[in-house]
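What follows is the residue order along each chain.
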Amino acid sequence: MRRVAVVGAGLSLFMRRALETGKELSYYAASQALQSAGLRRQDVQAVVMASGPDAFDGVHMKGEYLSDGAGGWRKPYLRAYVGGGSGVFSIISGWSLVASGLFDVVLVVAEEKMSPTQPHPQAAFISIFDHTIERPLGPNLLWIFALEQNRYMHAYGIRNEEIALVSVKNKRNALDHPAAQIAAELTPEQVLASEVVAWPVHRLMVSPVSDGAAAIVLAAEEVAKRITAQPVWVEGVGWALDTSYWGNRDLAYPRYVEDAARMAYKMAGITEPRRQIHVAEPYDPFAYKELHHLEGLLLADRGKAPEDLARGRFNRDGELPSCPSGGLLGVGNPIAAAGLMKICELFWQLRGEAGKRQVHNNPKRGLAQAWGDLMQIGTVVVVGV
Amino acid sequence: MENQVAIVGVGLTPLRPVSPDLSFREMIFEAATRAYADAGVTPREIDTFVTVAEDFHEGTSITDEYTPDQLGAVRRPVHTVAGDGLQGLAAAYMLVRSGAADVAVVEAHSKASNIVHHEEILALALDPTYERPWRVNPHAVAALEMRRYLHEANASPEVSAQVVAKNRGNALRNPFAAYGASLSPEEVLRDAPVAEPLRGLEVSGYADGAVVLVLASMERGRSLAGRPVLIRGIGWASDEPSLSGRPWAQAVYAHLACEMAYRVAAIHAPADEIDLFEVDDTYAYKELQHLEAALRLEVGEGARLTVSGRTARDGELPVNPSGGSLGMGYGYDASALVRTAMAALQMRGEAGAMQVTGARSAAVVSWRGVPTTSGGAVVLSAQ
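Residue numbers (the working numbering), protein chains in the order written: chain X, 1 to 385; chain D, 386 to 768.
FYI, nobody ran anything at the bench for these hints, they're computed from the structure. A virtual CB, placed ideally from N, CA and C, is assigned to each residue, including glycine. Please note that a few of the clues may not be correct.
Stated by the list, open to error - Calculated Cβ distances over 10 Å to all of chain D for the following chain X residues: (1) 19; (2) 20; (3) 61; (4) 76; (5) 159.
Stated by the list, open to error - Counterexamples of contact, computed for chain D against chain X with all Cβ distances above 12 Å: (6) 518; (7) 522; (8) 604; (9) 680; (10) 683; (11) 685; (12) 746.
Claimed, not checked - Heads up, incomplete: computed chain X residues facing chain D, CB under 8 Å, no partners named: (13) 79; (14) 243; (15) 256.
Can you make the complete structure from the sequences, with help from the hints?
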């Protein structure tokens, strides 16, 4: 199979309400990614776009609207879409463009502008539910993820104090991230003292509403080696979508994340993920999700990720640094852009360019994962140097 | 060396203006069942699934949530392309070509009858700052383009009416078509305009339906039951999204998409090497623009070809022998995949009464509709 590398990365600031349009945010991240690779728009043969539901902006066929800002003008331009998993899927889609042999240089852009939804984008999520069975109940994401956290805590006897530590770690890590929206130095007590939005989820255990964009440049092996001395190779990709009927599943364990991880590990030739993955960026839109996902990724035993966290295993200077960027809880959560931000972070970490965020274990291989839909999709990418 | 990729299974439901008895999931299930049976595969033998959908057409946000069950794709690699049917086909094609999958499925569907106000949904695709305040009806955007095309082509509105008469007549032979009719160009021209110079009969009618194609590497395809149709080349492109900056007479996106597909397929003289064309005809005049892209013609030459009658089903360059969207019905992004299915049946010699005798190669050209400037192209050939 044709080898594909990440050769450039760019990121806009993440913020609650950007004055820039989605086109402008896309342009900012895309041009920065191109600049970092020493390329111009005309060197790019195709563009992949990722963005969440059109309901946020109220723009139908949002991908078309964003196309010129993302650099897609008069180019093959494709919007791949798996809800919250779109950010990490966008690199998978871009990878397939290059791996297929159709293109040598592909720009991948992820944009999200949630702020146009007034008063709060959570209201837009009513439209993701089944129109007959679920919408009449008036659910929102905070409620259903609170259900899932509850189930996770109940199944393994986990306490909320243990989960609060995720917020503490990630928001602290984000203090070193120049694009971060809600970095903070907090104690677990402060997290648990924040108001309950849907029990057992407290406000400081939820990622914020954000606007932002991220971008990377992918290149085929022979081209990548000419562009940079430090290509970051895409070693494995995996994704899996579970049934739409989430009410029929045991929410204690994200089996679809395991399916996706196993697919990516197989492709990357990884047999012992806990030894062979050196830095991880699991998806953390809620504090419990990072732990839940580390278990699904086979990087922690089921129900034991909270113990690993408490003993420092996932700290930036720990055995397996997890969300050294600060994650969605610290940097922010412009949905699709947040997923690609995780790939950007791995790119910088593996090249030793992460500055104050640099992990200390000299990583050779990293993993990013995102999750979305109705607690349903896992997207996993393994990159290495 | 990359894999060669073939369509090894075709399944679709007949298109219908309304389908109150079926949900979109039931339609997809029916199309998938037919496609899998045609290819001789079970869902477990399929490595990856691609679905094509846009949230606002479905009335559901993150609409990919509702894709896996009816395809037999639960806990499998499934993703959605919020784009054209041919972009979905390209996504599946690339996964097979790269070697990541041996067998892939692409699905698209339309439940257009669930949309109460099409124009209002389409208007939401206009730039919210610069274009929406005009409160322009999307069909008027097409009418502007049609007027510019006819002007630069130095063609009369009659040629567009001729496209309608041809395509709806062709659809009478197509068992999947919803809008077959025997019409004369004069009758089309007598119809009331939607927005001058575009007449009601020049706008394709909406249709419901689902289509599923099974793709496989050529190597794997040979061991399957279905008759493989080779995907020789594929391409897609987007032009200027804003109304103010785009060229109006020429479909530049279609030219770029065709050039990419021809490059991949190593086609040098499309008029000689391609036996039939299925090109987007959401609005009748679009067939002329897209035909010009497919044949590398100047603005206006497509109109003259049509006037000469050479694009008839039994002409030397058959265009839309299926009846096109005007004859079959328009199902948004699913339309391109429906037309690919029609072309694949032609390549297999299984197109029945609409069969183009001796057709060995076909090109499909698509467009995402108003107000986009995005489209795709694919070249198929018989084995």
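We went through each hint and held it up to the structure:
no.	hint	verdict
1	19	holds, 13 Å
2	20	holds, 12 Å
3	61	violated, 5 Å
4	76	violated, 5 Å
5	159	holds, 31 Å
6	518	holds, 14 Å
7	522	holds, 15 Å
8	604	holds, 15 Å
9	680	holds, 20 Å
10	683	holds, 19 Å
11	685	holds, 22 Å
12	746	holds, 20 Å
13	79	holds, 5 Å
14	243	holds, 5 Å
15	256	holds, 6 Å
Going down the numbered hints, you'll see the structure goes against 3, 4, while the others check out.
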